[in-house]
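Participant: Here is how the chains run, residue by residue.
There are 4 protein chains.
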Amino acid sequence: MKIRLGMIGGGPGSFIGAVHRKAAALDSKFDLVCGSFSSDPEKSKQTGRELQLDPGRVYGSYDEMIVSEAALDDENRMQAVAIVTPNHLHGGPAIMALENGFHVIIDKPMAFSLDEAGNMKVAVERSGLVFALTHTYAGYPMVKEARHLVSTGKIGTLRKIFVEYPQGWLTDFLEKDGQKQASWRTDPARSGAGGSVGDIGTHAAHLAEYVSGLKITHVCAQLNTMVKGRLLDDDAAALLRFENGVSGVLVATQIAAGEENNLKLRIYGDKGGLEWSHADPNTLLLKPADGPVQVYRTGSGYLSDAAANVTRLPAGHPEGYIEAFANIYSAFAVAVNDHSSGRYRSAADYDFPTADEGVRGMAFIETMIASSASDKKWTNFSV
Amino acid sequence: MKIRLGMIGGGPGSFIGAVHRKAAALDSKFDLVCGSFSSDPEKSKQTGRELQLDPGRVYGSYDEMIVSEAALDDENRMQAVAIVTPNHLHGGPAIMALENGFHVIIDKPMAFSLDEAGNMKVAVERSGLVFALTHTYAGYPMVKEARHLVSTGKIGTLRKIFVEYPQGWLTDFLEKDGQKQASWRTDPARSGAGGSVGDIGTHAAHLAEYVSGLKITHVCAQLNTMVKGRLLDDDAAALLRFENGVSGVLVATQIAAGEENNLKLRIYGDKGGLEWSHADPNTLLLKPADGPVQVYRTGSGYLSDAAANVTRLPAGHPEGYIEAFANIYSAFAVAVNDHSSGRYRSAADYDFPTADEGVRGMAFIETMIASSASDKKWTNFSV
Amino acid sequence: MKIRLGMIGGGPGSFIGAVHRKAAALDSKFDLVCGSFSSDPEKSKQTGRELQLDPGRVYGSYDEMIVSEAALDDENRMQAVAIVTPNHLHGGPAIMALENGFHVIIDKPMAFSLDEAGNMKVAVERSGLVFALTHTYAGYPMVKEARHLVSTGKIGTLRKIFVEYPQGWLTDFLEKDGQKQASWRTDPARSGAGGSVGDIGTHAAHLAEYVSGLKITHVCAQLNTMVKGRLLDDDAAALLRFENGVSGVLVATQIAAGEENNLKLRIYGDKGGLEWSHADPNTLLLKPADGPVQVYRTGSGYLSDAAANVTRLPAGHPEGYIEAFANIYSAFAVAVNDHSSGRYRSAADYDFPTADEGVRGMAFIETMIASSASDKKWTNFSV
Amino acid sequence: MKIRLGMIGGGPGSFIGAVHRKAAALDSKFDLVCGSFSSDPEKSKQTGRELQLDPGRVYGSYDEMIVSEAALDDENRMQAVAIVTPNHLHGGPAIMALENGFHVIIDKPMAFSLDEAGNMKVAVERSGLVFALTHTYAGYPMVKEARHLVSTGKIGTLRKIFVEYPQGWLTDFLEKDGQKQASWRTDPARSGAGGSVGDIGTHAAHLAEYVSGLKITHVCAQLNTMVKGRLLDDDAAALLRFENGVSGVLVATQIAAGEENNLKLRIYGDKGGLEWSHADPNTLLLKPADGPVQVYRTGSGYLSDAAANVTRLPAGHPEGYIEAFANIYSAFAVAVNDHSSGRYRSAADYDFPTADEGVRGMAFIETMIASSASDKKWTNFSV
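Keeping their order, the protein sequence lines are chains H, L, G and Z. Going by my numbering, the letters in the first sequence line up with residues 220 to 602, in that order. Going by my numbering, the letters in the second sequence line up with residues 220 to 602, in that order. Going by my numbering, the letters in the third sequence line up with residues 220 to 602, in that order. Going by my numbering, the letters in the fourth sequence line up with residues 220 to 602, in that order.
The set of hints was computed from the structure by calculation and includes no laboratory data. A couple of the hints might just be wrong.
The list treats identical chains as one, so a pair stands whether inside a single copy or across any two.
[Unchecked claim] Mimicking EDC-like on lysine to aspartate or glutamate, the simulated pairs with C-alpha atoms at most 16 Å apart in a straight line are:
#1 Lys447 with Asp489
#2 Lys373 with Glu269
#3 Lys373 with Asp282
#4 Lys221 with Asp250
#5 Lys221 with Glu269
#6 Lys399 with Asp259
#7 Lys490 with Asp391
#8 Lys373 with Glu462
#9 Lys490 with Asp509
#10 Lys221 with Asp293
#11 Lys395 with Asp406
#12 Lys447 with Asp406
#13 Lys373 with Asp292
In this text, all values refer to a predicted model and were calculated from it rather than measured experimentally.
Turn these sequences into a full structure, and let the hints steer you where they fit.
Facilitator: Here it is as C-alpha cells:
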C-alpha cells in the first residue's frame, strides 16, 4: 500500500510545496490524503480543491489537521506529514506531528533557530519515528556517485573543497513589492537569522560534507546585504577548514545577477578531482591527476550501486530536480515502511538527510553569522 | 477526479512502461487502476503486485482487460489506456480499446505498418475518442519555445534543417544474447520493417516537422545494417526536402558507439538559427544572424506561454525526460476531461501528437526504406 | 638560417594572406623577403610598406616577382613562395614558381578546376620541389591525435563518419555590396565551379579522409543556392560512402545563420567514437562503447607524439587557428630544409597536405556538383 | 623597422621564454637580435644556435649582454629586452637594462620582493623608458571586452567579484625530482616569498582589478602548503574587499588535481553579470539580470574597439594564449616606437600592464602572506 501523506504548507504561490507533491507522486509510493495548505482556511481549501482532495481532510490549521487525523482509524489516518512552510513554521508542526505519531519529512533549513532544531531532534528521538530533511541535492545520482568515488579512494587523500551556490534572483529588492518567495525568505521573523546563508548556504555546506564525508571544523565568513533595505544577508562567502587538514571555500549568494541556481562542488585529492554542477546534474567529472578527464553520466553501466539505485532511466535520458527530490522521498518511504513492519532502527541506515544533519545546518547558519560579525579570522564550528 | 488509467504492456524488463507510469503519476492527473502488463499472466501479476494494484484488475491479456473493464460501472471503469507494447502489439489493442470506448495514449511508432496505422486512424475517427502518441521530445518546454520562435518569425524565412539522433547502444550484437530491448527492436516480426529508422528516425522526423511547421516532401535515404547478423537497419541517414524549398539532413543511428541519446535539432532561417539538444534539454540557443547567441532557458520569465505552460520549476531547476513525457500526458488529460464534459472537438486543439502524426511517422519509415532501396535520388514522401 | 619566403596575394582586405604571414612568423622559421600582394601595383606597395619590406622586392605582378627573384643570387633569392590569391590565380603562379625553382605553399582549394590541379601536380613532380596545401584543420594537434587513435585501433573497425562545416556569414547577399571576401568566393570566374562546396566542403572532406585514413568512394549530393541572386552554391550536403563499407554524411553550408566556423568531425568504430570540434579545438572526445567519455586535451602528457610534436604549450594554454596553420608551415619548412640539404624524397614523408590531396579536393568539388545535378543516387568519386 | 629585441633567460627547458619569443614574432613587430639565455654560457649558446642568432650576440651573462649591446651603434643595438628569468633574476637585469637605455618587457611577478619592485619602478621613472609586465590574461580580447562592458555600465553598479585560478600541476612533489618549472617556482630563494600566490595569485588579482577597474582594499587569506616537503604555499584562497563596497573571493591553487590552467573571472553588478574563463577564452558570457545569457565571441562585429583592436581573425577562428601574449607585445611595440619618435609620455597611455601594476602585484603577495599568518580577519592592502 502507498503511504498516506499529509502536507502542511504548500498553498497558493508556494514553490516548494508543489515540488514535494510531485516528488511524492513520481514513484507512486505516496498518496496525498490531507493537507493544511495555508494559515488562511480559504486558501487551504482552494489548494485542496485543485488537488482533488476529500474536502473533509483539507484543514485550516496544522494543529487541527494533526488532531483530526490522529482521530482517524488506522486504515485511513495519514502516516506521514510533509512540512513545507516557511522556516518559522517548522518546529511547531514537526514536534506536534511527531508527538502524535506521524513521521515527518520537512524542508530545509530544519528550523527557525538552532535551539528549535535541538528541540525537534529531541522530539524525533523520543518518538522513534522517521524524520527526513529534504536537502535535494544529496538526492542526485551523480552526487551519490561522487560520494562513492571519494569514499572508495578514487581521488586519494582529500585536500581541497570548493562549493558555491550563486543565484541571481534577489538582485532586485523584490520583497518591497511583496513577491511571495522573496518576502518570507528575507524576513527575519519568518526565515530566521540567516538569509542567503540559511536558504542556500546550508545546501552548499551539506553537499560538501555529504560528498566528502568530512565535517567543517572552522569557518571564516563574510556576510553581506548588498540590496539596500533588505533585512537579511543576501550574499555570503567563507573560507573553510574541514577535518583532516582539508581546506575549502564556500560561496552562497543570491545577488549574482543572471545566475540561475548553479550549485557546484569541486573536491580535490592527491590523485584527482571531482566536479559536479547542478546546471548539468547528470554529469560528474572525474579528473585524474595524470589522465584525461572522465565524464561519468547518470544511467551508465559503469556506475556504482549508489548511483544506479536512484536512477530511473538509461543514460542520455535526463533526470532532474524532481527526480532528485523523489529519491529522498523514496528513501523516506523505505524507512516508513520498515517502521510499519518493525524493522526500522535508525535514520542512519537510510540515505536521506537526518535530524542530525538538520541541527548541523542550523549550527552552520549561526556559526557563519557569528564569524561574519567577528574580527577573529577563524570561528569554531561544532554542534 | 483523476483519470482512471489502464496499461497494456510495461511488465518486467520494460523500459518505456515505467516511464509512462511515472509520467502519468507526476502531475497527479491519473490513477493507474488496471493493467495487462505482459502476455505471460504470471509476469503481469508480478508487475501488478509491485504497483500495488487491485489483483482483480490485473489481467493476463489485453482483450480480457478491455472486455472486463468495459463491464465495470462508470465510476470504476478505466477511462483511458496506455499502450506500451512492442510495435506488433499496437494496432490490435488500440483498435479494440477505441471500439470499447476507451481513450488511448500509445507509444511510438504508432503501428507495425503504415496499413495498420491507417486502420487505427479510422478507428480513432469512428470513435470520436482521444488518441495521443508519445513523441516525447515534442513535450520539452524548449522544443515548444523553438516552435514558437519559428512560427512568430524570429529566425525569418526558413532555409535549412538538420536533425540528428545518434545512439550507441546497438554497437554490439546485443540481441544475440537476448537483451530484451534489443531483441524486439531488431526483430522484424515485432518491430516492423524499420529498425533505427522506426525506433528513433520517426522521433527525429517528427521533431523537425513539429518545430518547423513544415512537412518533408522528399527523402534520399541510405539505411545500413552495420552489425553483422542483425535483421533490421541500425543506421540511417537522409537528405531531405521540405515544403517551401527548405532542405535538410536527417541522421538516425544506433551504432554511434559512445553516444547516449543525443537527439539534436538545428533550424536556420534568413534572420537566425535555433539549436536544441536533448543532452541539455532546458537550453535553447537562439543565434541571430548578427548578434550574440542567446541562451534561452526553461523557467525563465522571458519565455512564451508555449514553454511556460509546460514548465513546473523556476529557471535552474532541471526538468528532464519524465517531465517532457508528463507534458504529453497532461495535454492528453485535458482532452480526456474535455471529452467527459462534452467539450472535446478535435485532437488538433491540443498540444499532443495525434493519429495523423502517427500515420505520417509510419509513412516516413516506409518511404525511407523505399528510398534506400532505390537508385533514384529522390523519393516522394506523402501520406 | 630562416627560409626566405615570398608571397603572392595577401594585399589590402585579404583575410588569409595575413594568416599565412602570421603562421610563417610564429615559429621564426621563415623570413618574408618579398611579395606581389596585389595585381594593383599601388596596393602591392602599400602592403609592402606596412610589412616593412625592402621596396625593391615589392612587385606589381607575380611574374615580375618570379623573374626578378630568380635573377637574385643564392643568398638572397626567395626560396619558397606562399600563394594566397583567389582560386583563379592559383595555377599560373604556382606552375611558374615551380618552373623557376621555388617551393610552393598554397591556399586551398588547390586550383580553379580539376584540370588545372592536374597540371600543377605535373609541375610539382617535374620540379622535384616541395609543394604544400594549407588545409589548416589538419594542422590541429587534436586532429592529429584523432588520426593516431583511429590508426592504432582505439575505436576499432570504423563504421560511420559525420563531418559538418556550418557557417553563417553568407546568410545575406553580401556580394551585392561588394564585400571583398564574399565577392570573389561567390564568383564563378574567380572561385571556380564550387561555392560552399569548394570553400569549406573541401576542408570537410579532407578532414574526414585525413583522420579516418579512408577514401570517399561515392557521394550523393544536394547543392543549393539559398540566397537569391547568388551565382554559386552556398549550401551543400551529401551522403557518403567510404572504403571498407564505412558510410558517412557531409554538410558544408554558409547560410547557417548565426554559426561561426564550426567544423566538426565525428567518427565511430565498433569499439568507440571520436569527436573533434573546431569551436573547442584543443579538446578531443574519446567515447568508448562501454565507459565514460574521455576528454583528451592538447598539451597533456598522455598524448601521442603525433599531437605532442605540434604543440607549443602546456595543457590549459589554448592554441588556435594560427598555431594550426603554423604547424603546416613548420612541416613545410622541414621539407624545404631537407630539400636544401639533399635529403628530400617525397611529400608523403611529411605531415602536410600534398598536391595529391589538392587534386583530390578538386575532384571532390566536381564530383559533388555532378552528383547534385544527377537523378542517380550515387556518383562515383575517384581521381 | 622592426624593434630589435634582446632576451635574458629562456634557455633550454624554459617554458615562458619560448612563449615570449613566439609572441614577439607573431605580428612581425620585433626581431630577436641577441640574448643571454642562461647563466650557463654553453646553454646560452645552444639556445642561440637553435634560434639561428648571430653567435657574436649570444652572451654568457646578462651584464655582458647589456654592456656589449650598449656599445653597438644605433642601427644595430638592441632597443628593448625581454626578461624571462626566474623571479630572483628580475630586478638586477631590469634595472641595469633601464640604466643603459633599453626598454624592458618582463614576466610576472615583477620582482623577487616588494622592495625590489619599488627599486625597479624608480629606475623606470628615472629612465623615462618603456616598461611592460606580461600579465598575459589582460591581453585576451574578451577580457578587454569585459572591462569595456563594466566601464560602460552594462552590468550596472558592481557588487561581487569571483576570481579563481585552479591548476593541478603541483599535485605531486615534482621539485623533489628536479622538474625545472617546479623547482624554481617552489624555491623561496628563486621565487620569492610566494608560491602559488605569486605564480598565479598575482594573475588572478590583476585580472579582477583590470576588468572591474576597482582596487582590492583588504584581504582575508588562507595559504596552505598541501604537499609535504614543499617550501612555499601551493594553495591560496582569500575573501576580498574592493573599493566601493564590492566584495569578492579569490582562489589560486596548484594542487587542484586534474585542473589545467583554469583562470576564471565572474563579476556581478545590479544589472547583470559577466563570466570569462581561460578554458574558453574567446567567449564572454553576459548575463543580464532579466534576459537570456548572451554569448559574446571574439571576432564578432558587435564587439567594442577594445576587443576588436586586439583580434586578428574573424569569429570562429580561435585565438589563444600566444595571441593574448602578443597583444601585450604589440602594445609595448607601439610605446617603444612612440618613444623613438618622441611621442611617448606615460605607460598609462597604452594598454599593457605597467610598473605600477607590478608593484601592486608584489604588494599583493606580501599582503596575502601577512594575512595568512594573522589571526585578524582583515588585512589592509595598499601600496
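Participant: Taking the hints in turn, state whether each one holds.
Facilitator: To see whether the hints hold, each was checked on the structure:
no. : hint               : in the structure
1   : Lys447 with Asp489 : between (44 Å within a copy, 11 Å between copies)
2   : Lys373 with Glu269 : neither (49 Å within a copy, 36 Å between copies)
3   : Lys373 with Asp282 : neither (49 Å within a copy, 52 Å between copies)
4   : Lys221 with Asp250 : both (6 Å within a copy, 13 Å between copies)
5   : Lys221 with Glu269 : between (21 Å within a copy, 11 Å between copies)
6   : Lys399 with Asp259 : within (15 Å within a copy, 53 Å between copies)
7   : Lys490 with Asp391 : between (43 Å within a copy, 9 Å between copies)
8   : Lys373 with Glu462 : neither (19 Å within a copy, 43 Å between copies)
9   : Lys490 with Asp509 : within (8 Å within a copy, 23 Å between copies)
10  : Lys221 with Asp293 : within (14 Å within a copy, 25 Å between copies)
11  : Lys395 with Asp406 : within (11 Å within a copy, 56 Å between copies)
12  : Lys447 with Asp406 : within (14 Å within a copy, 47 Å between copies)
13  : Lys373 with Asp292 : neither (51 Å within a copy, 60 Å between copies)
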